[in-house]
Amino acid sequence: MLNKEEVEKISQLARIEFNEKDIELMRKDLSSILDYIEKLKEIDVEGVEPTTHSLDLKNIFRKDNPKEFKKDLLENCPQIEGRHVKTKPVF
Amino acid sequence: MDITGLTIKEIQNGFAKKEFCAKDVAESFLKRIVKEDKEIGAYLSVFSDKAIEDAKKVDDLREKKSLGMLAGIPCGIKDNIMISGQRCTAGSKVLDNYIAPYNAGVVDRLEKENCVFLGKLNLDEFAIGSSGEYSGFFPIKNPKAKGCVPGGSSAGPAAAVAGNLCTFSLGSDTGGSIRQPAAFCGVVGLKTTYGRVSRHGLIAMASSLDQIGPLAKNVEDAEIVFDAIKGKDNMDSTSCEDVEIKTPKKFKIGIVKEAMGEGIDGKIKEGFDNVVKKLGKENIEIQEISLPYMEYGLACYYIIMTAEVSSNLARYDGVRYGKRSTADNLLDTYFKTRKDFLGKEVKRRIMLGTYCLSAGYYDAYYLRALKVRTVIANDFKKAFEKVDLLMMPTTPTLPFKFGERIADPLSMYMADLLTVPANIAGIPAISIPGPEIDGLPFGIQFVAPAFHEKNLFAFGKIFEKI
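Which chain is which? The protein sequence lines are F and Y, in order.
My numbering puts the first residue of the first sequence at 1, with every later residue one more than the last.
My numbering puts the first residue of the second sequence at 92, with every later residue one more than the last.
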């Protein structure tokens with residue numbers, strides 16, 4: 001079973017805030033799902049290649065044709081200033 | 092005549108005989124949506140004026156020139172597929188105010204065929220869920236089974252077709268999200284081969300698994316829609332050129348042994364057995380096939396999918412689009428926005444995926460799951476050396492009641508037990524309604540090798556007549 005600190009660490013990595021009650025619920029839910037997933041350890045995967053993708057495609061390119069900038073892209077931003085996306089400072 | 096109950100072919104015949112025009116068809120559906128959809132909740136937005144306008148255009152064009160193959164056919168689109176200029180929420184509060192800046196590849200193709208769009212269909216948030224109860228807006232009801240969930244995540248697309256609120260719809264299937272609700276609502280649902288249909292403009296959930304496909308009233312309609320949307324799209328680097336395949340004169344069908352084992356409800360087993368017996372009488376070659384690793388599909392899926400979800404949904408941080416919560420600094424803005432606007436199940440999966448990808452657990456979970464993925468795909472390859480199609484129930488149980496599984500996430504995940512393997516292997520699969528059990532819809536699933544959709548349709552049409 002995951003402990004509280006582990007769940008808190010994952011929530012930091014995932015950038016999601018939880019209250020005490022939700023951390024406890026998450027701890028219970030994640031632990032039961034992880035127990036189920038343990039099942040995979042029954043299979044011998046020695047020497048098996050991993051599949052990231054079911055198609056064997058490599059280096060798919062298309063022409064990079066510039067198109068006119070669409071105003072609607074910016075209109076979806078929560079906050080803009082002129083032609084810029086605005087946020088709180090990073091540093 | 093009730094136009095809303097007709098198939099694509101029947102509407103086309105009506106057009107040809109001038110029994111009605113495209114405007115009549117669009118109006119019938121819009122009227123029905125106003126009357127019935129309050130109860131069902133299939134639509135998140137309805138294009139009342141635009142649909143009539145587009146239908147009129149079709150009627151005008153019909154006099155002058157040849158039209159596309161879906162001219163005047165009214166459809167609904169799952170709300171994680173973008174239609175330019177229309178709101179696109181993916182069923183999430185975080186995208187409540189998002190307006191799609193461009194068309195999805197599949198929408199472009201349907202437009203080219205002069206299809207009429209009735210609106211955008213409700214879904215479990217970000218296509219995450221198996222019951223339609225996780226929509227960020229309101230839950231969807233099953234028109235064919237009172238008190239029962241419609242399945243998910245393409246709950247709106249399935250309920251809309253089943254409730255005659257559109258003639259066909261497009262959904263997306265990551266682990267069963269087209270086939271499982273199709274089975275619960277008694278309609279046909281097709282998960283296409285990975286790469287066969289463009290995903291440009293589909294809001295990503297798990298990119299190595301997501302695929303767009305049709306939900307329709309019968310196999311013939313599903314085939315017509317598939318033909319309209321398939322093919323390479325330069326805007327989706329995973330989409331590929333079409334492959335020609337041969338259709339056998341006599342089909343060899345494999346019954347999957349493991350799909351009748353643990354976790355499968357007795358009623359489903361009985362109903363499925365009866366269908367197999369009927370097929371046996373029809374001079375169809377049937378043999379039992381074992382997919383020994385299929386039972387690991389779900390565990391494998393819940394690692395790969397959540398890992399990809401955690402990475403794909405990292406973009407909902409309140410910076411470039413969607414909702415933003417107010418906080419003192421940028422970091423807290425991320426934390427608050429994601430806390431306030433993402434749903435419970437979405438958070439659960441982001442957390443699980445983040446854990447599986449985090450330092451120290453990557454090899455044990457993610458890398459192992461990718462290797463198991465190879466093993467499961469090989470299982471199918473071996474099976475298809477012996478048979479043309481595999482057959483199994485679409486779902487392990489009949490449609491369940493609202494609230495029945497929402498408290499226990501693992502029991503909800505089990506609903507995808509039999510649909511997940513096709514996504515892991517990247518192969519096509521179709522759910523076709525079987526005879527009802529206790530008055531409830533029940534789906535039979537057929538699975539084919541990659542790019543063999545044509546065989547699913549060919550056999551599906553034979554199966555529908557039996």
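Among the clues, some could well be false.
To be verified - Across the chosen pairs, the derived CB separations fall in these ranges:
hint, chain 1, residue 1, chain 2, residue 2, range
1, F, N3, Y, E476, 26 to 32 angstroms
2, F, N3, Y, L458, 54 to 60 angstroms
3, Y, K340, F, M1, 52 to 58 angstroms
4, Y, K203, F, L73, 40 to 46 angstroms
Stated by the list, open to error - Below, computed lysine-lysine pairings styled on BS3-like, alpha-carbon distance capped at 25 angstroms:
hint, chain 1, residue 1, chain 2, residue 2
5, F, K28, Y, K368
6, Y, K323, Y, K360
7, Y, K323, F, K39
8, F, K4, Y, K427
9, F, K28, Y, K472
10, F, K63, Y, K323
11, Y, K477, F, K39
12, Y, K368, F, K70
13, Y, K438, Y, K368
14, Y, K472, F, K41
15, F, K88, F, K9
For the record, the hints were derived by calculation from the structure and aren't laboratory data.
Built from N, CA and C at the ideal position, the CB exists for glycine as well.
To see whether the hints hold, each was checked on the structure:
1. At about 48 angstroms, the CB distance of N3/F to E476/Y disagrees with the hint of 26 to 32 angstroms.
2. N3/F and L458/Y have their C-beta atoms about 24 angstroms apart, which leaves the hinted 54 to 60 angstroms range violated.
3. Between K340/Y and M1/F the beta carbon distance is about 57 angstroms. The supplied range of 52 to 58 angstroms therefore holds.
4. Remark: the range hint 40 to 46 angstroms for K203/Y to L73/F is contradicted by a beta-carbon distance near 24 angstroms.
5. Pair hint K28/F plus K368/Y does not hold up; C-alpha atoms about 44 angstroms apart against a cutoff of 25 angstroms.
6. Note on K323/Y and K360/Y: the hinted pairing is violated, with a Cα-Cα distance of about 39 angstroms set against a maximum of 25 angstroms.
7. Under the criterion of a C-alpha separation no larger than 25 angstroms, the hint pairing K323/Y with K39/F is inconsistent with the structure, at around 38 angstroms.
8. Taken as a hint, the K4/F and K427/Y pair is honoured in the structure, with Cα atoms around 20 angstroms apart against an allowance of 25 angstroms.
9. Of the pairs offered as hints, the one joining K28/F and K472/Y is violated, with about 38 angstroms between alpha carbons and a cut-off of 25 angstroms exceeded.
10. The suggested pairing of K63/F with K323/Y holds, with an alpha-carbon distance near 15 angstroms, which does not exceed 25 angstroms.
11. Straight-line distance between C-alpha atoms of K477/Y and K39/F comes to about 29 angstroms, which puts the hinted pair past the 25 angstroms bound.
12. Distance hint between K368/Y and K70/F is unfulfilled; the C-alpha atoms sit about 59 angstroms from each other, more than 25 angstroms.
13. As the CA atoms of K438/Y and K368/Y are separated by approximately 45 angstroms, the hinted pair breaks the 25 angstroms bound.
14. Under the criterion of a C-alpha separation no larger than 25 angstroms, the hint pairing K472/Y with K41/F is consistent with the structure, at around 23 angstroms.
15. A distance of roughly 24 angstroms separates the Cα atoms of K88/F and K9/F; the hinted pair therefore holds under the 25 angstroms criterion.
In terms of the numbered hints stated before, the structure departs from hints 1, 2, 4, 5, 6, 7, 9, 11, 12, 13, listed from lowest to highest.
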